[in-house]
Amino acid sequence: MSDQLPALIIVAPLLGAFLTPIIGWWNRHLSHPWVLMVLTIPLYAAYSSLFKVIKNGPFGYNLGGWAPPWGIEYRIDYLSAMMLVLITTIGFLAAINAKSAGNTEFKGKEAQFYTLFLLQITGFLGIVITGDLFNVFVFLEISSLSGYGLIAHGEEGAPMATFNYIIIGTIGASFYLLGVGYLYMATGSLNIADLATLLPALYHSKMVLVGFAFFTTGVAIKMGLFPLHIWMPDAYTTAPNSVSTLIAPLMTKVAAYLLIRILFTLFKPDFALSVVPIATILGWLAVAAIVVGGVKALAQTDIKRMVTYIMVAEVGYIVMGISVMNRAGLTGAILHIINDACMLLCLFLVIGAISFKGHGREIYHFQNLNKKMPLTMAAFVIVALSMCGIPPACGFFSKWYLIMGTIVAKQWVFTATLLASSLINAVLFFRIIEKAYLAPPEDVAAGLDHTEAVIITRDKVPLTMIVPILISAAIILILGPLSGKIIETVIQHAVPAIF
Amino acid sequence: MTEYILAKYNYWIYVVLMMIGLYAMMGKRNLVKKLIGMNIFQTSIILLFVSTGVKKGGATVPILMHAGHEHGAQLIQVSDYLNPLPHVLMLTAIVVSIATTGVALATLILIYKRYHTLEEDEILAIRRESRAYKTPRILNPTD
Amino acid sequence: MGEVIYSAKPLWAVLVSMGAAFLILLTGEKARNLRESWTILAALIKFGLVFSLIKPVLAGKTIEYTLITLLPGVALQFRVDAFGLLFGVVAATLWIPTSFYSIGYVRTLNEHGQSRYFFSFAMCLSAAIGVAFAGNLLTLLIFYEILTIATWPLVIHHEDTSAIAGGRKYLVYTLTAGCILLLAIGITYSLAGTLDFVGGGFLAGHGSPGLLILLLTLFIAGFGVKAGIMPFHEWLPSAMVAPTPVSALLHAVAVVKAGVFGCVRVILFVFGPELLQQLGVWTILAGVVAFTVVAAGLLALGQDHLKRRLAFSTINNLALIILGVSLLSKNAMTGGILHIANHAFMKITLFFCAGAIYAKTHKDHVSQLDGLGRQMPFTFAAFAIASMGLCGLPPVNGFISKWFLCLGAVETHQIVFLFVILTSAMLDVAFFFPIIYNGFFKKPLPDVAGKVDEAPLLMVLPLCFTALFSVVFGIFPNAFLNFFNIVRLAVTNVLGG
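These protein sequence lines map, in sequence, to chains A, B and C. For what it's worth, the working numbering labels the leading residue of the first sequence as 194, then goes sequentially. For what it's worth, the working numbering labels the leading residue of the second sequence as 14, then goes sequentially. For what it's worth, the working numbering labels the leading residue of the third sequence as 15, then goes sequentially.
For the record, the hints were derived by calculation from the structure and aren't laboratory data. From the three backbone atoms N, C-alpha and C, an ideal C-beta is built for every residue, glycine too. Among the hints, erroneous ones may be present.
Cβ-Cβ distance ranges computed for the label pairs, FRET-style [as the list claims (entries may be wrong)]: (1) Asp467/C / Gly553/A: 49 to 57 Å; (2) Ile247/A / Trp26/C: 26 to 34 Å; (3) Glu555/A / Thr175/C: 51 to 59 Å; (4) Asn220/A / Thr175/C: 37 to 45 Å; (5) Met230/A / Lys69/C: 41 to 49 Å; (6) Ile107/B / Ile474/A: 27 to 35 Å; (7) Ile107/B / Ser241/A: 48 to 56 Å; (8) Ser398/A / Pro223/C: 33 to 41 Å.
Below, a list of computed lysine-lysine pairs in the DSS-like style, where the Cα atoms sit at most 25 Å apart [stated by the list, open to error]: (9) Lys302/A / Lys126/B; (10) Lys653/A / Lys300/A; (11) Lys653/A / Lys550/A; (12) Lys678/A / Lys23/C.
Next up, chain A with everything else stripped away, as it sits in the complex (with noise of 0.2 Å):
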């Protein structure tokens, strides 16, 4: 049984996505139930899995017995599997959350609707768990797709959205695709671990410097990484709540832990720091993104695409921990996957309960919202700590690594446009804050007795909403001071050791 567990992490939401339609047409109101004990495998499976790396260090998994090169290898090592407990946790989280949400949504539809989620949550896995380039192509596919079909599903503009998502992503992908296709061609292989020791020697050929930039441009698309970033705001922003809340916090993460792959496994560290200027190019892309991000998040008064804009910033971040090519920032960005996964989860669920309650998004709608869901709203400030960095929150100690990041690499502009981005993000989520619990200054100055005009009520929102906004406010608080341990244990091992 568990020599089997990376298989079962595919192979159980794949099977439960075919059968989920058969469920649903039984009876559609088993279908929630279905889902989330479907997903309790991979799970359980990710959670052993991880241990089992903590235990035993990296381990693979030849699929149908073909030993790699030749087969397709499942390849299990810290960074992977800390990225398997990361999707399959909040995959479930947002499971939870799309009873009520999806329900509402996709009314009639539920089967269909979970069939997608989990083929999305299928694909997420997939490129994270698999060795070999062309499979993670195909994953990458399968979760594209579904995130197509869910994210059409959305609001008014979502289908025209969706289908600008279609292009460019198709074209991300096809980007992968010729990357694979360059390096094969050079090599004659496909497997990860094979092609790294393929490479070196060939460092200086065309043909692999060629495949190289349409990997990292094909990924960049998929990250969201600015400038390709355009499809993101309005595909988010337009999801469906129940659909952004499994996509929005993963979809770019597991972008970002390829784009770690393809630059520190596939490719060893040396080439990017003596072969290609992709550090640099790579860094200063991210100042654009953190900057432009920030302000074009400033400007927005929707919350939702607020926060999509604040995502433009995040993998800025991530994509700056990268490129200062040390020990802290690669650690920073590692840890920052985590982070704003969860962040972003909880945002985008706080954002589901309040239009689920059937508040506007605007930000004057959020005016004595404290009175009406203050649980939601408790989360929602934790969240906003996180974001501005104010410890004990996650938040701050991925922005500590990164910071330390670029101070060793001594690269100041990174370290002022980091700082600077935290005091953006404390006005964006500050004012929110303030309108909600603060009452409203005219009726302040009128003398309006404002404790006794909003009684504060129960959130009432239902149980499948309020207890995974909940954990994931209580996991964003337990991650901040847990971070040494994550780190000591996993992330230490997933950063080359030539750093």
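Dock chains B and C against the given chain A, drawing on the hints supplied.
Showing chains B and C alone in chain A's frame:
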């Protein structure tokens, strides 16, 4: 120069096709044309992969004619057969591209139902207009 | 340093008020008395815990507790040494009278959002104790930032336009300072590879002089914002829109003192006197602070709003503390550190008085206080005692710290700084004594004449208590809490011998 081009004609075809596809995706304002461009783009990559499997000198499809004969266990020469792996990979890629096209077409139907046009400019104009009267979307009006 | 005791007491001292904060929130408005009893209970327990640490620390021991590793070589760690203990004792002690006073104040004025108020208050106290007992810069920063955020709801408590504006200004200043600190601590870590406080500093021998001077500037700018060093002081007067008990505890004791505490920690425990002597920047630092001392005193003269005047007096005194420490001589250091405690007792009395006057009469301008002294004798007597102390008159405790400061200034042969300290005392006289004189000897304004009497007991008792202790500590600096011995020990820890 001509020889240089002709010697690698498969790559040139792929590059030209790819550029046509990219241009259609970026430059055309009609959504269906964009979609067609996307298809051309994907096809060009498939062609590239397929053409890498080619070997000069009479290599043929990898079907083992004499396998299983008791005394015909002749040595299988790798150079006699085309490389099958890129072709197999492209089978998957074709499936992916068809699925993408399908999803995109479905989305186009949604768009057409909503705006009664597939011209991007017109859709943007309609959306600008409707945004002026936008009201907050209420999911659960009973609460 | 001497023996190390591993004990969770510092952690409990931090957690007790954090726990109380959540109990307060859960209890809510419906059961007011229960809610307030959480505050009082937590204050007493916290005081007990902190008080129990005095004896071992005076015996030369250090109390240490490591919670969890945050970075390689840096843990979330509490380490109680003499200097941290001083701040901890001050904050924990003053929380008790402030709790009673707060209850009296918010009930007299029938304030809104009382649960939020007490919640934030308790959180602030947790953070302040965390700052005091932090064993390294990162732990310090964590609690420092919690303190920043926890104070914000108190600053904007009134929710009117000026409160919100004050709150925004406060956030802009303090969050920017937080970022600067993060940068400074990051550079420190990359230079030294450790962040643990060491008496006498740990940065010596790392980095070039230019970088170290830049680093010091960053640190002082970061902590100096809360400490109100000019030109970073602007938020403090604006934040006086907060309810008076908040101004009292936080802006005279916990928050601003956390800033000063941070500055002193950096000067003495990160850089260390020797390194600063070597770099030769201590005169510049002292000069900047001395300018703040005088300028704040002059600005205070021009303020008619009582709390704003007190705010400038706070800026003046905080700068005096840092001046004392940055003179780097033994006596000046003693005076500076001792002034942390002494100023806290005096300033909290002054704020309590301002609050009592406001709660009873709704007067908050200096020019409106004429003649009120006769109607509120206890309040004004306390006010007189505390302001005498700030001017440096015996037998109030302010005299002792100023005496040591002057001694220190003479020791360093920098007569300029002696003049600065004396001028500031003159200025104190100039802006406090008219209030006392007018209060006792002028005719009251017509609308209050004969109508007002003393504020409620819950407010008057705390302010008499703190005024009394200002005098007691002036006469017996080692009474009860052993302030003077703690300070002596802290200075010895830094200078050795």
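Checklist entry - Given the hint that Lys302/A pairs with Lys126/B, does the C-alpha gap stay at or below 25 Å? => result Given that 25 Å is the threshold and the Cα spacing comes to 19 Å, the pair holds.
Given the hint of 49 to 57 Å, is the C-beta distance from Asp467/C to Gly553/A inside that range or not? Cβ of Asp467/C to Cβ of Gly553/A: about 52 Å, so the range 49 to 57 Å holds.
**OP:** Starting from the range 41 to 49 Å, see whether the pair Met230/A and Lys69/C falls in it by beta-carbon distance.
**Re:** The hinted range 41 to 49 Å is violated for Met230/A and Lys69/C, with Cβ atoms some 59 Å apart.
- Using the beta carbons of Ile107/B and Ile474/A, state whether their distance is inside 27 to 35 Å or not. Taking Cβ atoms as reference, Ile107/B and Ile474/A lie about 33 Å apart, which means the hint holds.
Next on the checklist: Just to be sure I understand the hint, the distance between the Cβ atoms of Glu555/A and Thr175/C should be within 51 to 59 Å; is that true here?
Outcome noted: violated, 22 Å
field: Straight-line alpha-carbon gap Lys678/A to Lys23/C, limit 25 Å
entry: Distance of about 24 Å is within 25 Å: holds.
Outcome of range test on Cβ distance (Ile247/A, Trp26/C; 26 to 34 Å):
holds, 32 Å
Query - Cβ separation of Asn220/A and Thr175/C, checked against the hinted range 37 to 45 Å - result: The hinted range 37 to 45 Å is violated for Asn220/A and Thr175/C, with Cβ atoms some 57 Å apart.
Hint says 33 to 41 Å; check whether the CB-CB distance for Ser398/A and Pro223/C agrees.
49 Å Cβ-Cβ, so the 33 to 41 Å window is violated.
Regarding the pair Lys653/A and Lys300/A, is the alpha-carbon distance no greater than 25 Å?
holds, 21 Å
Note whether the CB distance of Ile107/B and Ser241/A lies within 48 to 56 Å or breaks it. violated, 37 Å
Worksheet item: Given the hint that Lys653/A pairs with Lys550/A, does the C-alpha gap stay at or below 25 Å?
Response: It holds: about 8 Å lies between the C-alpha atoms, which stays within 25 Å.
Comparing the model with each numbered hint stated earlier shows that hints 3, 4, 5, 7 and 8 do not hold.
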